[in-house]
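Visitor: Chains as they are written, first to last, in the numbering used here: chain A, 1 to 420; chain B, 1001 to 1430.
Just so you know, the hints here were simulated from the structure itself, not pulled from any lab data. Glycine residues also receive a C-beta, built at the ideal position from the N, C-alpha and C atoms. Wrong hints could be hidden among the right ones.
[To be verified] Some chain B residues close to chain A (C-beta under 10 Å, calculated; not the full set): (1) R1008; (2) N1089; (3) D1144; (4) R1244; (5) E1248; (6) G1298; (7) N1301; (8) R1355; (9) L1362; (10) S1367.
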Amino acid sequence: MTRQRLLPNVYFTYLPSEKFKTGCLSAQLVAPLRRETAGLNALLVNVLSRGTAEYPDMAALSRRLDMLYGAGLEPTVRKRGEAQLFGFVASFVDERFLPEGERLLEPVADLLGEMFCHPATRNGRLDWDYVRSERENLADFIRADVNDKDSYAALRLIEEMCAGEPYGVRRMGRAEDVEKISPQRLDRHYRKVLGEARLELFYCGSARLERVRGALERAFAALPRKGPETDIPTVYREAPAEPRTVVEERDVGQGKLCVGFRAGSRDVPALRLVNALFGGTDNSKLFRNVRERLSLCYYADSTYHRRKGLLTAAAGIDPEQFQPALDEIMAQLEAVRRGDWEDWELESARNILRSGLRVMEDSARAMEDFCLGQAAVGGHETPAEIARSLEAVTRERIMDAAASVRPDTVYFLRGRGEDR
Amino acid sequence: MRELAYPRLGEQVWRERLPNGLEVIVVRKPYHAKRCAFLAVNYGGMDVRAAAEGGPVPAGAAHYLEHKMFDTEDGNMFQEMSTAGAAPNAFTSENMTAYHFECTDRFYEHLERLLRFVSVPWFPQESVDRERGIIAQEIRMTEDDPDWRAYQQLMACLYGPDHPAALPVAGTEDSIRAITPEVLHRCHRAFYVPANMALVCVGDVEPERAADIARSVLPPEGGTALRREWESPPGLLPVRREARLEMEVSMPMFLAGFRCPAGLAGEALLRRSIVGDLACDALFGESSPLYHRLYAAGLINSSLGGGFDQLPGASQLYVGGDARDPERVLGEITAEARRLGEEGIPEDFFDQLRRADYGGMLRTLDSFGSIAENMAEGYFEGYDYYRFPEVFDTVTKADVEAFLRENVTPERAAVSLVLPETGGQRDKED
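Chain B on its own, in the form it takes in the complex:
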């Protein structure tokens, strides 16, 4: 395996691409009792149109598959691993499905189990049917969550409700009815192949031993890596400017999004995400003049926040929070972006933000979960996450100003509102 040293981070990493295409990455943390393994598949909730054979699949298929992978002919591996002292879990995002565990002892045994259950499908009809009730309750739970609803509504405005980036990862109660064992098998065959996966281990792990286990458990045929190809609505304009819904919230909530160019890969993608984060902080971060002004005027509270996202085929800067007058806050944000883009960010303020953001990135290196996810994501997108200090050095004030000037404009904006109910419903009396 290749050993890589990152003196600026005080970290050591071992990497190897196995002959079947699986990337194995070991981030050594010798003084921790905790060890974690993270097996990532470059396939997620947005990949409904990409099924290799037999056409598109219903929304929610990747997530349904994640739920069912833990079942094996020898029983439920979630329970088996928990019993043996590991804390296993899994998640599905728009562009990734990941299976992971954390443990202190018997790491290699758990690793073997993890690799085995993810690579061997077992989807009996009865068990697939039973899962539907569980997932339906998961969907209903998220539908009661105003933050989630605001996000879904925003993505539908920015890209249109049928765009892959706007689909709810878990699907809907309707869409999951069409998910059968056959659908799950098709997705598994197409995407759960070594060439489309990465294994990241973090902690006091012997790199060669981890790689040997991966070599012996996963199939020798690598398959092919997923290619994502779809069109996004043209001109970086949102499909719809505004959408609103009412639900039981204590105060109006808004979430605004600004469409940004997508499609970067490699280190350019990492660099853009640093630029985007600095732009967010300059514009509405807790140190920004705008934040202080709006807070002092009582127009926002500490819930105001946002970030910059890059997904395959979709990228947006978003900002939201509770506000009694969301339109006014949004107007202030775009005006401030224009001002910063035209007048420039003061030199000392930019230095301050650079320090803060760099320190923030360093501080995430104590979280094994975020290390593993960032490493896997970097691998799939073609960059080494641990090069962020070097990439950070190349980012200039002019980059951030240009980013704001080009992207945070009224033309690119859509806003999603979640408003308290006005229906005047009376509490029912028994």
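Extracted from the complex, chain A is given alone in its bound form:
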């Protein structure tokens, strides 16, 4: 795996592999996650996905993709740490499995470049009709967050807990902000972000480095480059002395309990293990106790937000079981702090993390997400290096890291009129 600078503020990660049937080529702009720009960036990707100068509408564009053996060109908007990544991920059949002499890499790279550099325009500006229709679609899409109650609860916790911090901004911004974006405003934003934001490119597949480089350099030759290269730092805060509780009522049959913690420690390998022991695996303390021992829920798990130094725990419970479930979540974290685990638990946690890292290398798409997610916030470890860093973690480091994990916000989503 190599990462190299192709142009000013343009970086290219190359991952050669013969084992996939599908090649992956990705181009992502990277910008700080901010409330003012989150919706603009998300809308921009959706508008760009409507067409290019050569393939000016969905019909022409999808026809082009079909002819490239059903190549996928997925618009993506991701939040990684306090950075927003937005662009397109192309996936296409590896040429080894196509009729003789068919080439896909160059036409797919060209199309990817066009998506950014030569969008469909009218009178020299992003097509107004596209902006208006995608604005409405995006606002609808953001409002639909409420449809999936598990992920809605998870995102509301982060929004409450990190209010005022970039991490509290939703991945796609807010519906009410998006609705106010005028076509002129988006067009100005497009020109600015295209010139100034860092561009991260990624390829995984069987083609040689020189060929991919050549294809990308040609495809992005028209990319304007101005402005300095800047990093996107992460803001770390401490948990309050007393955790805050937020209760929201919605039309749900199952209560969704989410607890947010802040980790004071910056010992990332140790915190990965804290999370794996606590609730990060299907064999963790939360799963075995909240679900298997107490039968309080179908799922109880935790997530380590390593790029922000947070842990979150979540369980879907009978609303009447709020307090017992919360107490048990806290008790299990306390057990990790005390070093109260058996050897097999730690062995299992390490094994699961290790094999997760190895398995990631069997998916081009997972590696794309891993590599560009890291690149966005300035990390450049390989999965193998991360795996090695876990081996060196001692019991004391885990306990120290766990001791630094303090509750910040308890969020509970319950049915209407179910009080206390």
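Given the coordinates of chain A, assemble chain B onto it according to the supplied hints.
Guide: Showing chain B alone in chain A's frame:
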């Protein structure tokens, strides 16, 4: 074992039917670190009427059984396998229950464990009772999911609420109350027999070694394969045209279904599924004229999608998404199906769809999970999934046009609506 080469896919497969009837399939992927095993039972949520002895079982029995299989006299195998570095899991669908794991090291050890816990039942009363709370929460979670509710409501319209295909796989909070250790034992005895199962391994796996482990762990008696026999409502007409419910969604959602003839087997089933998928893409896929027209008019957004399903005794083409005016969208879809059926699909558009669909099928071959599931499903239905390139070659434009003309008609249609609440509930203030 038989070695089969699939040069068009760049894949190699080893297969053998063991004397007890278990089919062992090994798909070799020598350059991957990941290895996976998938033990499938031809028995799922729809098979409530098929219990060999003692009559029908409550809805949700197959799924309940899947939850409890991981328990053994020596402890919980889910935890044991995780501890040893595998990622085990299981699922129950309408017509299949599958237990699988993914790992990088100690594959054969994990495989032995998997085969052992699935073949040896252990259902103490106390543990079966404790599971009820967990499954009840799983059911409530799905009941809060509008997509799931739309699907259940549609199936009830198409086939009637008591038809096996319309039963929720996990059952209901009510139905699972009647599930006892005795019910689980009966289901296990009847269906978890080698003749009714298939083992698929994917990755850098030695075929003979995997087959040897299966031979030594599973019982020598094969039992009998499940036969599914039930009547579906006659005439391919839906039982009910429309149903609606209200829940907290941001926008109206619709899911329309068109009943199609069921009952195919073997390669004809695979061929029909390719025809059905092409029909979906021609009708409302992202490259279709209809999709572009409705999208440009703001009648749909990118959530519009659908597919073609074939279950034992039930088959339907379905399409749905968010739409402010679902009736209008549905009308446009049936009108377009009629137009395509009568006027035909343009030659170049059909070629484009063929390429895209074929490429799409090739691209799924990087997912070990979907390979294993497709192979097992193919075996149970009597075809070899990896022959899809050859089958694909036989599909013509006329097949797809006839499919649309015959099936996507207003008479065959039912629609399920999930609408935002109108009750005017006020947020409660404390």
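Visitor: Let me make sure I understand: some of the numbered hints might not hold for this structure. Which ones are they, in numerical order?
Guide: 4
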